[in-house]
Amino acid sequence: MLNFLNKVGDYAKETVQAARYIGQGLSVTFDHMQRRPVTVQYPYEKLIPSERFRGRIHFEFDKCISCEVCVRVCPINLPVVDWEFNKESKKKQLKHYSIDFGVCIFCANCVEYCPITVSQLPRNMNFLPMIAMN
Amino acid sequence: MNPGIDLQESFIETLIDLGLPVGAAKAIWMPLPMTVIIIGATLGVLVSVWLERKISAAVQQRIGPEYAGPLGVLQAVADGLKLVFKEDIVPAKADPWLFTIGPVIVVLPAFLSYLIVPFGQNLLISNVGIGIFLWIALSSVAPIGLLMAGYASNNKYSLLGGLRAAAQSISYEIPLALAVLAIVMMSNSLSTIDIVEQQSGYGILGWNVWRQPIGLVLFWICALAECERLPFDLPEAEEELVAGYQTEYSGMRFGLFYVASYVNLVLSSVLAAVLYFGGWDFPIPLDLVSSWLGVSETNPTFQVVTASLGITATLLKAYFFVFVAILLRWTLPRVRIDQLLDLGWKFLLPVGLVNLLLTAGLKLAFPFAFGG
Numbered sequence: 001m002l003n004f005l006n007k008v009g010d011y012a013k014e015t016v017q018a019a020r021y022i023g024q025g026l027s028v029t030f031d032h033m034q035r036r037p038v039t040v041q042y043p044y045e046k047l048i049p050s051e052r053f054r055g056r057i058h059f060e061f062d063k064c065i066s067c068e069v070c071v072r073v074c075p076i077n078l079p080v081v082d083w084e085f086n087k088e089s090k091k092k093q094l095k096h097y098s099i100d101f102g103v104c105i106f107c108a109n110c111v112e113y114c115p116i117t118v119s120q121l122p123r124n125m126n127f128l129p130m131i132a133m134n
Numbered sequence: 001m002n003p004g005i006d007l008q009e010s011f012i013e014t015l016i017d018l019g020l021p022v023g024a025a026k027a028i029w030m031p032l033p034m035t036v037i038i039i040g041a042t043l044g045v046l047v048s049v050w051l052e053r054k055i056s057a058a059v060q061q062r063i064g065p066e067y068a069g070p071l072g073v074l075q076a077v078a079d080g081l082k083l084v085f086k087e088d089i090v091p092a093k094a095d096p097w098l099f100t101i102g103p104v105i106v107v108l109p110a111f112l113s114y115l116i117v118p119f120g121q122n123l124l125i126s127n128v129g130i131g132i133f134l135w136i137a138l139s140s141v142a143p144i145g146l147l148m149a150g151y152a153s154n155n156k157y158s159l160l161g162g163l164r165a166a167a168q169s170i171s172y173e174i175p176l177a178l179a180v181l182a183i184v185m186m187s188n189s190l191s192t193i194d195i196v197e198q199q200s201g202y203g204i205l206g207w208n209v210w211r212q213p214i215g216l217v218l219f220w221i222c223a224l225a226e227c228e229r230l231p232f233d234l235p236e237a238e239e240e241l242v243a244g245y246q247t248e249y250s251g252m253r254f255g256l257f258y259v260a261s262y263v264n265l266v267l268s269s270v271l272a273a274v275l276y277f278g279g280w281d282f283p284i285p286l287d288l289v290s291s292w293l294g295v296s297e298t299n300p301t302f303q304v305v306t307a308s309l310g311i312t313a314t315l316l317k318a319y320f321f322v323f324v325a326i327l328l329r330w331t332l333p334r335v336r337i338d339q340l341l342d343l344g345w346k347f348l349l350p351v352g353l354v355n356l357l358l359t360a361g362l363k364l365a366f367p368f369a370f371g372g
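Sequence lines, in order, name chains A and B. Counting from 1, position 70 in the first sequence corresponds to residue 70 in my numbering; the numbering is continuous, with no gaps. Counting from 1, position 146 in the second sequence corresponds to residue 146 in my numbering; the numbering is continuous, with no gaps.
Since the hints were made in silico from the structure, they are not lab data. Any given hint might turn out to be false.
[To be verified] DSSO-like mimics (lysine-lysine), calculated; alpha carbons at most 27 Å apart, straight line:
(1) B:Lys26 to B:Lys86
(2) B:Lys82 to B:Lys93
(3) A:Lys13 to B:Lys86
(4) B:Lys156 to A:Lys7
(5) A:Lys63 to A:Lys92
(6) A:Lys7 to A:Lys46
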């Protein structure tokens with residue numbers, strides 16, 4: 001008899017516990033209802049990135065003058081600039097440029113020091129922090 | 001207790017005064033409340049679909065439907081129209097007759113149960129003596145339709161879904177009936193009108209929630225299982241069974257299942273409000289209000305106000321339960337089929353019996369508070 005009552009007591013305890021967990025869950029979902037939606041309805045609304053936002057680095061091949069400043073300012077000399085001197089036009093000709101974004105820490109030093117960025121209008125920046133669209 | 005407005009009586013009397021025989025007058029009256037209730041039930045479905053989508057969106061911090069009408073209120077109408085115009089496919093190897101009858105059998109009892117939903121003293125289609133029992137009986141017809149649909153689709157997922165629906169409905173019918181029985185024991189009547197009458201008089205304090213808290217929880221869990229709402233939506237568990245018995249359905253036949261599930265949800269919510277939250281009873285007793293204002297209870301304006309307040313109160317209470325159901329949907333994960341049956345047979349059934357016993361004991365001990 002006592003054994004049975006103990007079992008009933010344990011079962012009741014478990015039930016109360018379960019009810020409390022359900023109550024906790026309900027309070028979480030109820031609380032979420034008053035929060036603002038995180039949706040950005042893209043074509044109508046756009047996220048404005050903050051001033052110091054650093055996105056993916058955007059590189060324009062045609063504008064690069066192969067000065068290798070970006071390699072020097074990079075903390076780990078990451079950008080690979082492969083160029084060849086063109087004797088006729090007496091200019092460096094860029095053959096290949098790459099940054100391994102698996103290693104890049106997005107410090108944006110290269111963007112800051114890039115002479116094209118500095119000398120030209122923001123629209124024509126060679127390195128431009130791209131706005132990540134999420 | 002003052003009876004309030006009786007539309008039926010006055011309507012029939014007016015017709016008789018116009019020179020119509022009594023039978024014809026009654027026959028003219030009969031389709032009116034039915035149409036009103038069917039339209040009301042359909043509107044209730046549209047509203048609850050919209051609420052479901054909006055509240056779900058809010059819980060998940062989304063926006064939800066927005067472009068169909070202001071705040072997306074017309075989204076449900078748009079979806080319904082789309083379903084009407086979709087091609088109606090009957091699978092080649094399905095049994096066309098059972099396949100067609102299945103959804104109809106699911107929808108009909110849901111709408112038929114509105115027969116006993118009271119919105120006021122005389123504001124219901126018919127005050128049947130067996131009232132609430134009629135609802136329980138009708139709601140056990142639906143699983144036959146589900147089983148039929150599942151079996152006729154000639155699809156293993158459909159069949160499994162149909163079988164699960166039948167098992168679930170049958171096993172949750174019993175604790176549901178026990179929860180209702182405790183209420184019936186207290187009000188000495190199966191009629192929904194009498195059940196509300198017994199709760200009214202003391203405003204919010206007289207409602208059955210205070211006397212039947214266990215019963216309310218029991219009723220609500222079983223009602224969710226009967227409606228196949230989310231913690232118990234095993235028959236259509238999309239991760240396991242594609243869509244259960246609805247797998248092969250498209251167009252308006254699917255629409256019928258969809259409508260039936262929401263009609264059932266609203267119906268269960270209204271009945272929860274009627275059984276436990278005092279139906280049309282206002283939180284403050286209206287007799288008191290009338291005496292404060294110095295208005296006679298038989299004043300026609302006062303009666304119209306009372307009736308509309310009653311309807312509003314019923315709907316508000318019902319939609320509170322709809323809201324709880326939607327919130328529960330996003331709170332609780334789906335139970336497994338064995339957990340479902342365990343919960344039904346090993347927990348809800350004994351608790352229901354104990355609740356019934358307790359109610360009987362309390363009724364004997366305190367007849368004034370528990371309806372002697």
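Cross-check of the supplied hints:
Between lysine 26 of chain B and lysine 86 of chain B the CA atoms are separated by roughly 40 Å; this puts the pair beyond 27 Å, and the hint is violated. Between lysine 82 of chain B and lysine 93 of chain B the alpha-carbon distance is near 26 Å, which keeps this suggested pair within the 27 Å criterion. Taking the CA atoms of lysine 13 of chain A and lysine 86 of chain B, the gap is about 52 Å. The hint is violated against a cut of 27 Å. Distance restraint check for lysine 156 of chain B and lysine 7 of chain A: the Cα-Cα separation of roughly 41 Å exceeds the 27 Å cut-off, and the hinted pair is therefore not satisfied.
Using a Cα cut-off of 27 Å, the hinted pair lysine 63 of chain A and lysine 92 of chain A holds, with the two alpha carbons roughly 12 Å apart. Straight-line distance between C-alpha atoms of lysine 7 of chain A and lysine 46 of chain A comes to about 59 Å, which puts the hinted pair past the 27 Å bound.
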